[in-house]
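One-letter residues, chain by chain:
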Amino acid sequence: GNSVTQMEGPVTLSEEAFLTINCTYTATGYPSLFWYVQYPGEGLQLLLKATKADDKGSNKGFEATYRKETTSFHLEKGSVQVSDSAVYFCALKLNSNSGYALNFGKGTSLLVTP
Amino acid sequence: SAVISQKPSRDICQRGTSLTIQCQVDSQVTMMFWYRQQPGQSLTLIATANQGSEATYESGFVIDKFPISRPNLTFSTLTVSNMSPEDSSIYLCSVGDGGGQDTQYFGPGTRLTVL
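Protein chains in written order, with my numbering: chain D, 1 to 114; chain V, 1 to 115.
Any given hint might turn out to be false.
Said to hold, decoys possible - Reference excerpt, derived from the structure (chain V facing chain D, CB under 7 Å, subset only):
id, residue
1, 42
2, 43
3, 45
4, 106
5, 107
6, 108
What the hints assert, rightly or not - With a straight-line Cα cutoff of 25 Å, these simulated DMTMM-like cross-link-like pairs (lysine to aspartate or glutamate) come out:
id, chain 1, residue 1, chain 2, residue 2
7, D, 106, V, 97
8, D, 52, V, 97
9, D, 52, D, 69
10, D, 68, D, 54
11, D, 106, V, 87
12, D, 60, V, 97
13, D, 56, V, 97
14, D, 49, V, 97
15, V, 7, D, 42
16, V, 65, V, 54
17, D, 106, V, 86
18, D, 49, D, 84
19, D, 49, V, 26
20, D, 106, V, 58
Just so you know, these hints were derived from the structure itself, not from any lab.
Here a beta-carbon is modelled for each residue, glycine too, at the ideal position from N, C-alpha and C.
The shape of chain D in the complex, shown without the other chains (with noise of 0.2 Å):
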């Protein structure tokens, strides 16, 4: 079936630091990938996606690459803000006649300290 891993977390950074969030995903056809991020007591917003291999989704500074290899959307940052605290969730959708289901990861929750 279709499956979203990522990272467990939480995880916790010192401001200014580099983020790696790693998500892999497992379709039988060719997904669109996304990044959804979820701020504390807010709802979840689109952070950034990649519809086809080797596309590059980029947001606020942050990145990800659509890997087909390696069938993997890895989230990164070069320096991350307390601001940037918060849920992210990793995402894939199967496209045409596949139905409209957002097949969610289990989130990685980001701490970021001063």
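With chain D held as given, fit chain V onto it using these hints.
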């Protein structure tokens, strides 16, 4: 992206009662989706709601427990019926970004606690 609001933002309910959650979008959308996020867990799709037709439920979810209405292109409701503590979750609605529905945008969620 669409602006999505939900009511109520949170509620505490007694076992055996029902709660209806409203989702309002600031633009017309073809498809709306309802998800559940159980404590400490990821999101699971409950159903897809199309205007003018029956909702399509995912495996493990049934209409009797989670009836959905979609009276127009900007509004939907999800009812959680005959609640038990296991229904304590955050319920989120989302909308697709167009014909391809590739990207979904989420409302702020309704945090439900069942005692």
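Inset, instruction - For the pair we were handed, residue 49 of chain D and residue 84 of chain D, check the Cα-Cα distance against 25 Å. - result: holds, 18 Å
Legend entry - Proposed proximity, residue 69 of chain D with residue 52 of chain D (alpha carbon, max 25 Å): Roughly 12 Å between the alpha carbons, so the hint for residue 52 of chain D and residue 69 of chain D holds.
Legend entry - 25 Å Cα cutoff - pair residue 49 of chain D, residue 26 of chain V: holds, 23 Å
Legend entry - Given pair status - residue 97 of chain V, residue 49 of chain D, alpha carbons within 25 Å: Measuring from Cα to Cα gives roughly 13 Å; hence the hint holds.
Legend entry - Proposed proximity, residue 87 of chain V with residue 106 of chain D (alpha carbon, max 25 Å): Roughly 18 Å between the alpha carbons, so the hint for residue 106 of chain D and residue 87 of chain V holds.
Inset, instruction - Please verify that hint: residue 106 of chain V, Cβ, nearest Cβ of chain D, below 7 Å or not. - result: Holds. Min distance 4 Å.
Legend entry - Restraint status (C-alpha distance of residue 68 of chain D to residue 54 of chain D at most 25 Å): Judged against 25 Å, a Cα distance of about 7 Å means the pair holds.
Inset, instruction - Under 7 Å, Cβ to Cβ, is where residue 45 of chain V needs to be relative to chain D, so tell me if that hint holds or is violated. - result: Holds, because the Cβ-Cβ distance from residue 45 of chain V to chain D comes to roughly 4 Å (cut-off 7 Å).
Inset, instruction - Compare the distance between the alpha carbons of residue 106 of chain D and residue 97 of chain V with 25 Å, and conclude whether the hinted pair is satisfied. - result: holds, 24 Å
Legend entry - Pair hint outcome, residue 106 of chain D versus residue 86 of chain V [Cα-Cα no greater than 25 Å]: holds, 19 Å
Legend entry - 25 Å Cα cutoff - pair residue 60 of chain D, residue 97 of chain V: Holds - the C-alpha atoms of residue 97 of chain V and residue 60 of chain D are around 21 Å apart, at most 25 Å.
Inset, instruction - Quickly compare the C-alpha distance for residue 52 of chain D and residue 97 of chain V to 25 Å and report which way the hint goes. - result: holds, 18 Å
Violation of the numbered hints given earlier is absent; every hint is satisfied by the structure.
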